[in-house]
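*Asks:* FYI, in our numbering the residues of the sequence shown are 161 to 717.
Don't take every hint at face value.
Okay, the calculated beta carbon distance ranges per label pair [stated by the list, open to error]:
1. E346 <-> E566: 28 to 38 Å
2. L517 <-> D604: 18 to 28 Å
3. W218 <-> S377: 28 to 38 Å
4. E566 <-> P605: 18 to 28 Å
5. D688 <-> E432: 30 to 40 Å
6. A231 <-> E557: 40 to 50 Å
7. R463 <-> N165: 49 to 59 Å
8. W218 <-> E553: 16 to 26 Å
Keeping only pairs whose Cα atoms sit at most 16 Å apart, straight-line, the calculated EDC-like set for lysine to aspartate or glutamate is [as the list claims (entries may be wrong)]:
9. K652 <-> D682
10. K509 <-> E561
11. K509 <-> D442
12. K301 <-> D279
13. K275 <-> D453
14. K705 <-> D211
15. K534 <-> D442
16. K534 <-> E346
17. K511 <-> D682
18. K275 <-> E706
19. K705 <-> D265
20. K509 <-> D659
21. K301 <-> E276
22. K355 <-> D302
23. K511 <-> E565
24. K301 <-> D453
25. K511 <-> D391
26. K534 <-> E649
27. K275 <-> D302
28. K511 <-> D442
29. K354 <-> D302
30. K511 <-> D453
31. K511 <-> E557
32. K652 <-> E518
33. K525 <-> E566
34. K509 <-> E553
35. K509 <-> D453
36. K652 <-> D496
37. K509 <-> E566
38. K243 <-> D265
39. K525 <-> D604
40. K705 <-> D442
Calculated from the structure, these hints are not laboratory results. Ideal Cβ positions, reconstructed from N, Cα and C, are used throughout, including at glycine.
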Amino acid sequence: MSALNSLNHPAFADIDRHFAAFISKSSNNETLSQIIATLSRAVRLGNICLDLAAPPAWEGEPPFAWPTLEAALAAVRQCNAVKEPGILAPLVLQGTRLYLRRYWDYEQSLACALKERADGGNLSSPSAEPQELAIQTALAKDLTIISGGPGTGKTTTAVEILANLSASSRIVLSAPTGKAAARLEEAVRNGFAKKGMAAPVTRASTLHRLLGSRPGSASVRHDARNPLALDCLIVDEASMVALPLMAKLFAALPAHAKVILLGDRDQLASVEPGSVLADIADAAAGGDSRLSDCFVTLTTNHRFGNDSAIYRLCQAVRSGDEATAITVLEQSGLPDLGCQPTPAEASLKEKLRAPVLEGYRPYLKESDPAAALKAFGQFRMLCAPRRGPYGVESVNELVAEILSEEGVIPDNRGDVYRGMPVLITRNDYQTGLFNGDIGIILPDPNERSSQLFAWFPSDDGSIRRIPCASLPDREPAYTMTVHKSQGSEFEKVLLLLPDRDTPILTRELIYTGLTRARTRIDVWTNRDIFCLGAARRTERASGLKEALLSQAGITAH
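Given only the sequences and the hints, what does the whole structure look like? Please build it.
*Replies:* This is the structure:
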C-alpha cells in the first residue's frame with residue numbers, strides 16, 4: 161500500500177494527513193510520512209510523544225507495517241524539521257522518542273519545576289502513618305502529592321494541612337472542572353465547620369479560570385512573568401490535569417508557594433495529552449527521584465469499610481485481580497452492588513426502562529431548579545464509548561424515549577425541553593460555562609411565564625440562570641462517558657459496558673466508573689469482556705518519568 165493510500169486508513173484524521181504532508185513535503189520519504197502522521201495521531205489519542213521503538217496499537221488491520229527502529233530513526237533524522245534536544249525545530253528526537261516541540265517543552269519545563277520544588281525540607285517523623293506523613297510533608301516541603309482512592313481522606317488531610325498554615329497565608333483551591341472545584345470547596349468548608357473554625361478560603365476555581373485562559377489561545381494571563389498571588393495552592397483531581405495545563409500551572413507559581421496535588425493515580429488520565437499524576441507516581445517509586453519524599457499514598461478507606469462490595473470490587477480491579485473481581489461481581493443480593501449481563505441491542509431499551517424511571521423520575525418531579533439539580537445528582541448512567549449501540553449518544557436517545565413514553569418529559573422534544581439535563585461540551589467564557597458543566601432546563605419558578613432557562617450550579621453554591629439561546633455546545637446528560645464523569649460522584653450509578661471488546665475498555669476506565677458511586681453501583685457487563693478490560697492497562701507514551709528521574713535535564717526553550 162502506498163504512503164498516500166495507507167494514510168487514508170480510518171485511524172488517521174485529516175489533521176494527521178495534512179501535518180504529515182507539510183513536514184515531509186521536501187523529502188518524498190514514505191516512511192517519514194507514515195511516522196509523522198502516526199505522531200499526530202498519537203498526540204490526538206493522549207500521548208505526549210511517539211516511541212519509535214514500540215509499534216503503535218491499531219484498532220483492526222494496521223494501515224502499514226511499522227518500520228524497524230533503525231529504519232524509523234534513519235527516516236526522521238533525514239528530515240530538516242527534526243532535531244535533537246537543544247536545537248530549535250518543530251519536532252524533537254530524544255533517544256527513540258519523537259515529540260512535537262511544544263510537548264517536549266512542556267515535559268521538560270514541568271520536570272524541572274517539580275524537581276526544584278521537591279528539594280529541601282526535612283520530615284520530623286518519616287515513619288508516621290500515611291495521613292500524618294502527608295501533613296508533615298506539606299508543612300515541610302513546597303511540593304506534596306497525595307494519592308488515594310475515594311474515601312481515603314484526601315480532602316480531610318487537606319483540611320488538616322490548611323489548619324496548620326499561618327493565618328496570613330493566601331490559600332487557593334482549584335480543580336480541573338467546575339464540579340470538582342465546587343466539591344473541593346464544599347469539603348474544605350465542611351471540614352473547617354466540624355473543627356469550629358472559619359474556612360481560610362472564599363471559593364474554589366477551575367484551573368483555567370485561575371490561570372486566566374484566553375479564548376482561542378494557548379497562552380494564559382498568569383505565567384512566570386505574571387505569577388499567581390498565593391502562598392499555598394491545593395489542586396484536587398490531579399489525575400485529570402493534562403501535561404500542557406500542569407506545565408502552565410507550575411510556571412505561574414511564585415517561588416515561595418506550596419503546592420499540594422490531590423488525586424488518584426489509578427484513575428483515567430486526562431482527556432488531553434499526558435498522564436502526569438501516574439508518571440509522577442512512577443517516578444516517585446523509582447527510588448532515586450527527589451519526588452519520593454514528596455509522594456504519599458493514603459490506603460485506609462473511611463467511606464465503605466472493608467466489607468463493602470464496592471470497595472472490594474474497586475480494589476480487585478485496581479490491582480488487576482480479575483478472579484477476585486469476578487467473584488465479587490457474581491455475588492447476589494448485595495446492598496451496594498448488582499451485576500447482570502449486558503443486554504442484547506434489541507432488548508436494551510426495555511431493560512433500561514425500570515432503572516431509568518427509578519433514577520430520573522424524582523428530579524423530573526421538581527419545579528425548583530436547585531432541588532432538581534440536587535435530585536439529578538443522585539443517579540447517573542455511565543458508558544465507555546461515545547458511539548455505537550452501547551455508547552452515550554445512542555443510550556441518551558433511548559433514555560429520552562423511555563421518559564417521553566412514560567409522560568415525564570414532552571413528546572415533541574426539540575433542541576431543548578423542560579426537564580432536559582444538559583452537559584456543556586465546549587468552554588464558553590462569555591457565559592462562564594465550561595466543558596463538563598451540567599445544568600437542567602426548567603422555567604423560572606418565580607415567574608408565570610413558561611419560558612425555559614438553563615440552570616447551573618455556581619462555584620459559590622448558588623444557582624445560575626442562563627437563557628437557552630446563549631448556551632454553548634452541549635448534549636443530553638442522562639448518560640455520560642466515564643471520562644466525562646471524572647471529578648463527579650453520584651449516590652447510585654449504572655455502569656453499562658459494551659457487549660464486545662474495544663481498546664477504550666481498560667482497567668483505569670472500569671476503576672474510574674466504579675469509583676463514581678457512593679452507595680450503590682449496578683454493572684451491566686459480560687464476564688469475558690469485563691476480564692479483558694480489567695487486564696488492559698492504559699499506556700501513554702511519555703518521557704516525564706525519565707525526565708524526573710534524570711539528575712541533569714536539558715533546559716526547554
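*Asks:* K511 and D682: Cα distance at most 16 Å?
*Replies:* Measuring from Cα to Cα gives roughly 13 Å; hence the hint holds.
*Asks:* Is K275 within 16 Å of E706, Cα to Cα?
*Replies:* Roughly 12 Å between the alpha carbons, so the hint for K275 and E706 holds.
*Asks:* Given the range 28 to 38 Å, decide if the beta-carbon distance of E346 to E566 lies inside it.
*Replies:* With Cβ atoms ~33 Å apart, the hint holds.
*Asks:* Is the straight-line distance between the alpha-carbon of K243 and that of D265 16 Å or less?
*Replies:* 13 Å, holds
*Asks:* Tell me if the straight-line CA distance from K301 to E276 falls inside 16 Å.
*Replies:* Holds: K301 and E276 sit about 11 Å apart, inside 16 Å.
*Asks:* Between E566 and P605, does the C-beta distance stay in 18 to 28 Å?
*Replies:* 23 Å, holds
*Asks:* Holds or violated: K705 and D265, Cα atoms, limit 16 Å.
*Replies:* 15 Å, holds
*Asks:* At the C-beta level, are L517 and D604 separated by a distance inside 18 to 28 Å?
*Replies:* 27 Å, holds
*Asks:* Could you grab the alpha-carbon distance between K301 and D453 and see if it respects the 16 Å cut-off?
*Replies:* 9 Å, holds
*Asks:* What's the verdict on K354 and D302, does the C-alpha distance respect the 16 Å limit or exceed it?
*Replies:* 27 Å, violated
*Asks:* Against the 16 Å threshold, does the CA-CA distance of K534 and E346 hold or violate the hint?
*Replies:* Judged against 16 Å, a Cα distance of about 14 Å means the pair holds.
*Asks:* Keeping to a limit of 16 Å between CA atoms, is the pair of K509 and D442 held or broken?
*Replies:* 43 Å, violated
Comparing the model with each numbered hint stated earlier shows that hints 11, 15, 22, 25, 28, 29, 30 and 35 do not hold.
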